[in-house]
Amino acid sequence: MSYTELSSKTVKGRKVHICSWCGEDILIGEKQSVRSGVFDGEFQSNREHLECLEAMNKVDWNDWDNSYTPHDQKRGTSEQKQYN
2 MSYTELSSKT VKGRKVHICS WCGEDILIGE KQSVRSGVFD GEFQSNREHL ECLEAMNKVD
62 WNDWDNSYTP HDQKRGTSEQ KQYN
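Here the sequence shown is numbered in the working numbering, starting from 2 and rising by one per residue.
Heads up, some of the hints might be wrong.
Computed spacing ranges between beta-carbons, pair by pair [said to hold, decoys possible]:
| id | residue 1 | residue 2 | range |
| --- | --- | --- | --- |
| 1 | D61 | I29 | 21 to 27 Å |
| 2 | F44 | N85 | 30 to 36 Å |
| 3 | G14 | P71 | 32 to 38 Å |
| 4 | W65 | K10 | 21 to 27 Å |
| 5 | V17 | D61 | 29 to 35 Å |
Hints listed in this document are in silico derivations from the structure and should not be mistaken for laboratory results.
Note that the coordinates shown come from a computational prediction; the quantities given were computed from them, not determined experimentally.
For each residue, glycine too, the CB sits at the ideal point set by N, CA and C.
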């Protein structure tokens, strides 16, 4: 599995978006990361809360098989959500 980042920037949201890491709303006016890249040959664009991006950057991707399930982590952490 491979990922090549094409662009990355921090913006202030003009509308509500969904964080690709935690699945929670990123509210209007909230600073957020906007990234685009190619993962295993497929283009993707993601937005994350800044604290979620920070948590993502701390992950040892070898332990995660170099990928994650979108919306499956708790906000601002690398801890998986528990579903009943």
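Check the following: the C-beta atoms of G14 and P71 are separated by a distance inside 32 to 38 Å. Between G14 and P71, where Cβ atoms are some 18 Å apart, the hint is violated.
Does the Cβ-Cβ separation between W65 and K10 fall within 21 to 27 Å? holds (25 Å)
Outcome of range test on Cβ distance (F44, N85; 30 to 36 Å): holds (35 Å)
With respect to the beta-carbon atoms only, verify the hint that V17 and D61 lie 29 to 35 Å apart. Distance hint for V17, D61 holds at roughly 32 Å.
Range hint 21 to 27 Å (beta carbons of D61 and I29) holds or violated: Between D61 and I29, where Cβ atoms are some 34 Å apart, the hint is violated.
Hints 1 and 3 from the list above are not met by this structure, while the remaining hints are.
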